[in-house]
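Go by the hints and put chain B onto chain A.
Protein chains in written order, with the numbering used here: chain A, 1 to 498; chain B, 499 to 1223.
Any given hint could be a false lead.
One side of the interface only, derived from the structure: several residues of chain B facing chain A at Cβ under 7 Å [said to hold, decoys possible]:
# : residue
1 : Ser626
2 : Lys677
3 : Thr793
4 : Asn794
5 : Asp897
Per label pair, the in silico range of CB-to-CB distance [to be verified]:
#  : chain 1 : residue 1 : chain 2 : residue 2 : range
6  : A       : Ser28     : B       : Ala936    : 43 to 49 Å
7  : B       : Ser1054   : A       : Ala496    : 45 to 51 Å
8  : B       : Asp563    : A       : Gly439    : 35 to 41 Å
9  : A       : Ile313    : B       : Ala754    : 57 to 63 Å
10 : B       : Ala936    : A       : Val143    : 28 to 34 Å
By construction, these hints were calculated from the structure, which means they are not laboratory data. By construction, the Cβ of each residue, glycine as well, lies at the ideal position given by its N, Cα and C atoms.
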Amino acid sequence: MRKYGIAALAGLLTATAAWADGFEEMQSQVKEFTLDNGLKFLVVERPDSPVFSFTTYVDAGGVDEVHGVTGIAHMFEHMAFKGTPTIGTKDHAAEMKALEKVDAAWAAYEKELDKEYDADAIKLDELMAAFKAAQKEAQEFVVSNEFTKILEKNGVQGLNASTGLDRTWYYYSLPSNRLELWARLEGDRMTNPVLREFYVERDVVIEERRFGESSPTGRLFEDMITGAFVAHPYGTGVIGYAADLERITRQDAWEFFDKHYVASNMNVVVVGDIKVGEVRKLAEKYFSGVRSGEDPLRVRTTEPEHKTQIRMIREEDSQPIYAVGWHIPGRNHPKWYAYELLGDVMATGRSSRMYTRLVKEDQVCSQIFGGVGFPGNKYPNMMVLAGFASSDSDPYQVESVVLEEIKRIVTEGITEEELEKVKTMNKAAFVRSVRSNQGLANQLALYQGMLGDWRRLFRSLDDLESITVEDVQEAARAVLKKENSVVAMIVKPEDAES
Amino acid sequence: MKTKYSKSARAGLSVGRWGGYLAASALSLIAANGVTAQDMPDPDSIGIPDLNEVKVPEPDRYQLDNGMVVFMVVNRDFPLVDAQALIRVGSVYEPADKAGLSSIAGQVMRTGGSINVDGDALDATLESMGASVETSIGETSGSASISTLKEDFPRGLEILGDLLRNPAFPEEKVELAKKQEKTAIASRNDEPMSVLSRELPKLIYGEDSPYARHTEHATIDAITRDDLVALHKRFFHPDRVILTIYGDFDEEQVKAEVERVFGDWPPASEPLPPEPKPEFADVSGNFLVKKGDMTNSFVLMGHPGLRMSDPDYPAMRLYHEIMGGGFSSRLFNEIRTKRGLAYASGSSAGAGLHHPGGEIFFAATQSDSTVATLGYVREEIRKSLAEPFTEQELQQAKDGILNSMVFQYSNGFAVLNRLAVYEYHGYPADFLTTYQQAIQNLTADEILAAAQRNVVPDEMATMVMGNSENFAADLPKLGQVQELDITIPEPEGEEIPIATDADLERGMGLVQGMAKAHNASQTASIKDLKISESGEFKVQGMSLQISIETERLLPSCEKSVQKLPMGEFASALCGDVAWINQMQGPTAMPPEAVSEAKKSQSRDYFNLLAGYSDMKFQALPEQKDVNGRLCDVVFVHSDIVAGWKLFIDSANQQLVQMMYKDRSMMTGAPVTATETFADFKPVSGVAWPHSREIYHDGDLLATLTVNSIAANTGITEDAFAMPSQ
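Same shape as in the complex, but just chain A (with noise of 0.2 Å):
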């Protein structure tokens, strides 16, 4: 058994030695190699069992949307489980020839739709059926799921990808025998994505929605980005306009996949019972095609400044939620921790102050939830409080109290214990955070996608460890203010303000 630097991480319990090198040993294993076409991989062998974890990252999501094409970076997510050419196929050539008529049955059907209120109805319901004919054809050569099945028959764990508004990513492990199907199946996906089923996809998601929507705080939490994102694309959130979901095409796919599946735009990470020889050999093999490409441009829009508290309240008979958010900088900001410690002495923990004085003292909530990066954190983004109304409470009760606690904080700033607490905090739930193979290999590609080096990882420990409780209040203060924040809750009909 291998040890993480054990005599090293003892610095986590002193404050006078660097975070840093507590982490030098682990530092050390993560070895980094990149292909020909700029695709960045980073490998640390764990041969304690045999089995590993990768993660695939895309430094895309729903924030490179642009209107209209609104949850398509989701979209492209789930077509990535429908195969290549040599997957989920039974005759690739003729499919590619199906596929084109569908894509072409849904143009002709858009295009009198586009007629709105002079569109044919009798047309429009004859180019519906040839859609679905062409579909239906297409179909006929679709070997469904081909690609889950080969990986769950291995013993695939935890399959699965996730979008958000900054990234997309892709993961799951595997018994480590399997390290060459793995390179096999992963490269080729990200190489040579077929987009086949589309549209049967499309209703899905479209679902997915639904399921949302479903939820108070589902429908809470968008109307709070709605009102915190006037114009940055934090505000469009990352499922997508229904009435965009409806219109959403294949094409729209691949110009997604185009612009931003580039190899310098990714990196991957694996993480366990492997060698990094082999992994390098396995991934010259199998991800030299991801096209090398310009890196796409950030998110231009900055979201302006808005002058005045925005309120968005939902009168409806389900649980009242107040949920506030404050704007702040967004993860690269030279001071990030100063806001999220700020978050934690607020809201993280039963002894945060929001816990001990809404859940404990007043009982005005019956759970609490807060802290920064809401909805995302690459670009300028909140830090919000959500608590659910105890049963003989109300928002607007809940807000009165919040309201209190932030102007003490504003006020009087935190002190040195509750600073330290949510340091010590911090670093125990990174330590936690890297243990799983899953985990360490998520949080590298995490900082080397988003921050652009993997070290920052380690780093970020001694960014955490500088703050200072006046770093803290400064943070407060410049962020803590009424035009700042936006408001969301949901009250019910009887206790709404008319």
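Quick look at chain B alone, frame taken from chain A:
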């Protein structure tokens, strides 16, 4: 409306898509070692080397003298230690009218701290160590766990032991937990999944089963701190605990710590009460849960499943892997992939380690295809029972389960906890290995036979949940459909803040002031009363003249004759005598009316003045304006009357108003009644309100004025006997 973007961009996209495809192919060709899209090897042709040896951790198991079982595994990869105690306790043991007791005890065991450490102080201590301690009690087991950095483990273990052995269960944390649970009750219909997981067990085990029932406002109200203390005393003993410890520690040192923390904990002196056995209800039928705010629907079919110890379990595990286990499953392919109808679909054997759960088939779908989707689910079940699965399906499912087995052994903490859980539920330690072998050997015919034994479509409940307006037209296709009422019963009384000693003292002070203002000491001189009142009674928009003659032998005999335009109503209550006469001759008073009459007696003005010194009053924080008079508000702690409050004029200490929970005379529905008192005149020295107004939910019900009142007229118990026909 067309966006500027859509046309031009779309036109270009087609080219972009081909451009992308060609560029990708071209690049693949020139990549030095890369494989082109068409040359990717067949996945089945890729060699699979032997797997490196799986180092299954072998836990050290031993027992303390007091019977506590300990499993430990050392793993020094990270400077962390995790420990978990499994405790033989569970909500199935709790009385039905206190549903929620175990869960609240599990929660307050942590939030309330121990007799040595206050719960809030514990929060701060643990968080500043970056550690966590959690306790909970589920249906058939309890758990207490800790996770700490290596150095803090001895302290963490000490805290764990202290909480398990000496929980404080302070009143205010009990009340807080009750309040949180009541908030959860109020919103329990918000999330569709929580409605399903609550309603399904009721169908499977029957509504009143310990394995299905759930909390209500009334069951939470009934829980007291004493119940928690008694639960702890009854169930928490070391001979009913299995402790697992995993992480970076010195084994001998930790053994010593365990001995120090738990060694002198005495074992149980009484045997465990017998555990209630789950019984299965007849669940067949169609059930509808209306949930208007859903934009999609859930459909679910199921009946009781089996216990994991059942010989059919491995076969049924494979059956459900093929039917609804994942991306390769039949339900996923038929409903989601082929038809795009469902976001979620699947099935489960519902095999429990402890008892059989619900064997279910389900899908989430858009509202208008609700009934159609259900049809597809049924069809798949039918097919699965008619013909064996194909060899290919079987091999796929077996490979999936067997190849992923390495993950069951690769995580030491998981291995450790699995062993503890097996021991807890009485399974052999090699259960997983036996299971693995059984999976390996099963044939398609054996699975079909097992499925035919265990899946019985005719005995299944079919549940549909969603906005039924969107599929109302299709519903009759299902045949008879019974609607499940998920209405949340209203709380009995409003939330009253937790009483502090100061609140109680001030409450009694206010009532004493009121008693003095009304000359309550003179009540001792009154043996009986004869009261004649008249006034107006409002019912269904009509205003009726009423007169009431009341005879009372204090404290608890009362007879009243009410005269209304439509006739005369009489009733009497005196000890065991209780009768009514509603113009059809006297009959015994129905039991629910007796209880209402007793409630009415116990909140009576005279009895309040005569008996206040033995009662419990709590001053509420805010004052209230009643008809222009500023009043102090006192809550009366009463076992009989709910929501009883007194409003006492803060200037002259007169009782201005009472409030209490009552029932509507017309509909029997619960109402909040308020009764105002005015025009006080002495009766044998006691100030007696000669004018009363009664409101139900804010609407005026009756106005009554005393015409005459006489004390000590010599009434005897004979006056209350039931008259002959």
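- Once the shortest beta carbon distance from Lys677/B to chain A is found, is it less than 7 Å? holds (6 Å)
- Task: Answer holds if the nearest beta-carbon of chain A is closer than 7 Å to that of Ser626/B; otherwise answer violated.
- Result: holds (4 Å)
- Query: Quick one: are Asp563/B and Gly439/A within 35 to 41 Å, going by C-beta?
  - Reply: holds (40 Å)
- Task: Using 7 Å as the Cβ threshold, decide whether Asp897/B counts as touching chain A.
- Result: Holds, about 4 Å.
- Item | Asn794/B as chain A interface residue, shortest Cβ-Cβ below 7 Å | holds (4 Å)
- Should the hint that Ile313/A and Ala754/B are 57 to 63 Å apart at their CB atoms be regarded as holding? With a Cβ separation near 59 Å, Ile313/A and Ala754/B satisfy 57 to 63 Å, so the hint holds.
- Query: Does the CB of Thr793/B sit less than 7 Å away from some CB of chain A?
  - Reply: It holds, given that the least Cβ distance between Thr793/B and chain A is near 4 Å, below 7 Å.
- For Ser28/A and Ala936/B, compare the CB-CB distance with the range 43 to 49 Å and indicate the outcome. holds (45 Å)
- Task: Hint says 28 to 34 Å; check whether the CB-CB distance for Ala936/B and Val143/A agrees.
- Result: With Cβ atoms ~30 Å apart, the hint holds.
- Message: I want to verify a distance hint. Is the separation of the beta carbons of Ser1054/B and Ala496/A within 45 to 51 Å?
- Response: holds (47 Å)
The structure fails none of the hints (numbered hints given earlier).
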